[in-house]
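Listed below are the residues making up each chain.
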Amino acid sequence: MISLRHITKRFGGVTALDDVSLDIKSGERLALIGENGAGKSSLMNVLYGLYHPDSGDVTFDGQPVRIKTPADALARGVGMVHQHFTLVPTLSVTENVVLGREPTKFGALDLQRARREVDATCAKFGFSLDTGARVSDLSVGSQQKVEIVKALHRGVTTLILDEPTAVLTPSEADELFAVTRKLSDEGLAVVLISHKLREVLMFSTRIAVMRRGKKVAEAIPAETTPEQLAELMVGVRVEAPPQGASATPGATVAALERITAPGLRELSLSIRAGEILGIAGVDGNGQRELAEVLTGLRPWDGGALHFEGEPVVRWTPRAARERGVAHVPEDRLRRAVISDLSVEENASLGRHTRAPFAKGARIDFETRRAHTTALLEANDVRPREPALRVGALSGGNQQKLVVGRELASEPKLLVVVQPTRGLDIAAVTAVRELLREQRRRGCAVLLVSLDLDEVLELSDRVLVMYGGQLTGEFARGQFDERVIGRRMLGILDA
Amino acid sequence: MRELRGALPSILSVITAVVVCFFAAALTRDLSTAVDAFIAMTWGAFGDWPRFFETGNAALVLRPLGESATKAAILTFTGLSVTVAFRVGLFNIGAQGQLVVGALAAAVVGAKVDLPALLHIPLCLLAAALAGALWALGPALLKLKRGVHEVISTIMLNWVAVSLVDNWLVVGPLRATSSGDNSVSGTDQILASAELPRLLGDVSRLNFGFVLAVLAALATWLFLTRFTRGFEWRAIGLSQDAARASGIDVERGFLEAMLLAGAFAGLGGAVLILGTELKYPASLGAPWGFDGIAMALIGQGHPLGVLATSTLFGGLRAGGTRMQLFGVHKSFPELMQGLALLLVAARLMWDRLIARVWRRKESP
Amino acid sequence: MILALLSSVLDAAPPLVFAALGATLCERAGVVNVGVEGMMRAGAFAAAVAALAMPTPLGVLVGMAAGAGVAALHGWLTIRLRSDQVVSGMALNLVMLALGTFLLEAVFNSPSSTPAITQLPLWFGHSPLTWLAVVLPFVVHFVVTRTPWGLRLRAVGEKPQAVAAMGVRVAPLRFTAVLLSGALAGLGGAALSTATLDRFEHHMPSGMGFMAVAAMVFGRWTPLGAAAAAAFFAFGNALRIGLASSAPGLLEVVPQGVLLALPYVLTLVVLALQGAKNVAPAALGQPYDAELR
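From first to last, the protein sequence lines are chains G, R and V.
What the first sequence shows, in the working numbering, is residues 773 to 1266, in sequence order.
What the second sequence shows, in the working numbering, is residues 1382 to 1745, in sequence order.
What the third sequence shows, in the working numbering, is residues 352 to 644, in sequence order.
A couple of the hints might just be wrong.
What the hints assert, rightly or not - To spell it out: a stretch of chain G is covered by chain R in this simulated footprint if at least three of its residues, at any positions, have a beta carbon under 8 Å from a beta carbon of chain R; those stretches are:
(1) 1083 to 1090
(2) 1127 to 1139
To be verified - Partial list, computed: chain V residues near chain G (C-beta under 7 Å):
(3) R497
(4) T498
(5) P499
(6) A506
(7) K510
(8) Q512
(9) A513
(10) A516
(11) M517
(12) G518
(13) V519
(14) D640
Claimed, not checked - Sample of chain R residues lacking proximity to chain G, with all beta carbon distances greater than 10 Å (derived):
(15) V1442
(16) L1500
(17) T1609
(18) D1630
(19) L1685
Because the hints were derived from the structure by calculation, they are not lab data.
Being a predicted model, the structure only gives us computed values, none of them experimental.
All C-beta atoms in this analysis are idealised placements derived from N, C-alpha and C, irrespective of residue type, glycine included.
The shape of chain G in the complex, shown without the other chains (with noise of 0.2 Å):
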């Protein structure tokens, strides 16, 4: 049994755990459910050696056990199966299982023997994989597989599974249950990291709730529901989603025709003003795309996009921008702002050569500074510092900042990506509310998100997309998920 004891851990200011206590035993299906940013992976990785704990420590069979690194931590038997894959693309499925522990012959890698060892361990957990593959050709749910076996070929008996299925296909997630529950049979304790009670309910044994850092509940799956974890996870009685009132949606701002591009596939769709429209789809089939050729980041090689009826030619941020679209991205420190630039000075991106931010070739700081303070203000981001770093402002403040600055320039299409992703409950509510109010203005809302229940709370319409093509249209009133589910895997046959 593996005890993590009075587990604090602190990065800079934030203290990411606060006192966490928990065990972990043998054959146990131990499901870690927290929001984003609760705490749970962090946890993990204390476990597995690579974040250091200020305070606390680990105990195997009651044993105290410094873990310094992740090599401690396999050699305890603890393997771990991160969120963002850490294979090596260039390399052969084999080579990436034996790194770090390669059999040799003469001081030679034996990469005969290696690829035996390993296609030994896949069969014997009932894997199959070509070990002789480059993970670069590989799909991303066999690319997952190729993680689990990693840990395995080690024999682990403690497997960690970070958020697991939020890469994967419903399908490819069933078949990975199916693994897991196979190697908790043969004793080996499995961790799973996860937000979707769904998915905890039926996969677990046990359930260990986190909220803001701390450790707050334990449960057993057949004593508890969905609502009990939910209230738990989020601290307030989550009510059941308002239903967005049906809008009446006027023109078409912006329609696709036949667009091909890298991930898109002749894709035709129509974007009506005063209406949010949900893309629904697992990551990677197109959704991105779809979104970058609406706001001008992406070229298109066949098709056309059509903008207020007419076809555009040259189809850059900037045209997109002066044409009256605005785009809250998915990665907001890649995209939306930048860290090392001032609150006022990230307002003013993307209108910065204009009113109130410039005055022919010159910032103009006066207005600037009026009209930050006022943005600030009207969506609550604090601290209301308009010099301060945006990179010291929390996420919550950084999402509504761009969400507030995008929405000032009154935008005629609203593209927005995963825009709740990592947020705190009462910004998600937030930021919800300002789409809501943006089409209530008429502005036209593209939604993409891969939270299927926040599309199906926000959207009036609902386009599901697989392999860059639609698969499926709804309109609101016709949801059905199971339906939907299946179109997201291209299923077209109910």
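Chains R and V: place on chain G using the hints.
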């Protein structure tokens, strides 16, 4: 206060480098020689003020200062060259090559074209700036069109420039023709109309180049902080993806910044030729372009920081020649500069140290 | 004629081959090395100085140690302090340039060179280092492609997180590669001052470190490719020098400077043609921080 704290790693690095070099001198000679040599270097760099007050001879101060500023001008230009590229996130290792072609262009136009000074000097400067910009255009295009990293391409073009200019053009087709005397090396002397006017008459070689360098640094600073295009450059340098998503033309920013970087390095070459060398010599004397990397980094990518750094090291170099009188080699300032750069590169070390001291001060 | 040319390639190639192999090892680990020039200079100087006091072969070892010493600084700056790898390399170049000149002056009181040393003896008409330069590329190739350490090296240059997750520590692995790189560059420098010439001269290695970087890029970051490119560049040099003595007329048509520029131009052309298809290690230039969130 925040600016001061930002500059602190550079200041500490320079001080450490000077101290280390002082000990090196004391070890290789002896302590009193080292002290004398360093004092001589200081007077040689920034003026022999004590003797000036004694004798009232202004040349004792003006001549060293003039010499320092002359060197500082070239360092400032190459430092700015590296800096402007830096601000859009590009590493221009190619200032050396750009300076070489700029210097050659200035030397050729200065010698072969006959014009009144009022037109001749600007034409020479323009030619040098264009040549430097052209030499930087290649890496910019290779980066934009073919994804070639600018560090690799500018390194390659440095050696292409040096090989072609120093080992071919200057010893071959463009070699001075004025006399049959074999001892003449380098290109033809430039015409008097192309010489940059001297600011202190016969007291010093100090010339208009220094004024140009100061103006260039000020203009760059204003451009980066006050103008929307400068803001765009900074945004590109800090996050290409965010800049692109905000409608900023990242490719154009790269191109403009690299061209300006090349032009600055080329102007550095022009100031060297038109101000002091008066022809393209057999050897340029110092790796001015590589020194520019040190100026940009010690100056922390701030145009005025670059100006200050260049003034300091230009001064130390000018003063360095006086150390020879004490048997200390004149390459000492270069050693200090290299060490200072190395220490600035160890930025994290200073940050940790400063953070620790700051915290102690704040919580007594 | 051709034999003489081949022979002069065998003499000219070792410094470049060693340095190119060194650069390749370092960059395959994901650490940019534009400091090869400085490491070579350290090796050349230290080897020549040591050879004044001890047998020259031992001096060569001292040269390697000096190169590794400079590389240790590079490793400390880039791996430990996560400094910019290009900055660190260029800074070391500038320091070594100045330090070499200073030490020449301070120790030998000469601006141009150290006193002469006993050159390395000849084996079958060439320096032992020449034969080493013939064998070493294959050894490095074997190490990189066929040993556990080589597998880890390739992995850490592509994706350090993968290596860390498998329980191999990134920093020591990279540090080892950087040190080996420095030792090889130092060996290249030592070859200049103990085999090519019989002393350290103030301009050494006069850009050869940068040519080694070019060879590495030209050879697509593979040991055999880099060594072949280095040999090819050395061939170009030998041809140029050979032409200067045997056919001076030809040099009027194709001047020396143009030939000197050729390796760099060729590298640029190759880079331009191979274009967006990037062959450099994916994690090249990125510092690794295990606790980075």
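Does the nearest C-beta of chain G fall within a distance shorter than 7 Å of the C-beta of Q512(V)?
holds (5 Å)
If you take the shortest Cβ to Cβ gap from A513(V) to chain G, is it below 7 Å?
holds (4 Å)
May I ask you to test the interface hint for K510(V) with respect to chain G, counting a Cβ-Cβ separation under 7 Å as satisfied?
OK, holds: K510(V) within 7 Å of chain G, min 5 Å.
Could you check that no beta carbon of chain G comes within 10 Å of the beta carbon of V1442(R)?
Given a closest Cβ separation of 40 Å, the condition holds.
Given D640(V) as an interface hint, is its Cβ closer than 7 Å to any Cβ of chain G?
violated (11 Å)
Once the closest CB in chain G is found, is it more than 10 Å from L1500(R)?
holds (29 Å)
Is the shortest C-beta separation between V519(V) and chain G less than 7 Å?
With a closest approach of 5 Å, the V519(V) hint holds.
Does the CB of A506(V) sit less than 7 Å away from some CB of chain G?
With Cβ-Cβ at 5 Å, under 7 Å, it holds.
Coverage assertion for the region 1127 to 1139 of chain G with respect to chain R, Cβ distance below 8 Å, three residues required
holds (count 5)
Quick check on the hint: A516(V) CB to chain G CB, less than 7 Å?
holds (4 Å)
When the nearest CB of chain G is found for M517(V), is that gap smaller than 7 Å?
holds (3 Å)
Beyond 10 Å from every chain G Cβ - status for L1685(R):
Since the minimum Cβ distance to chain G is about 18 Å, L1685(R) lies beyond 10 Å and the statement holds.
The structure fails to meet hints 14, 17, 18 from the earlier list, while all remaining hints are met.
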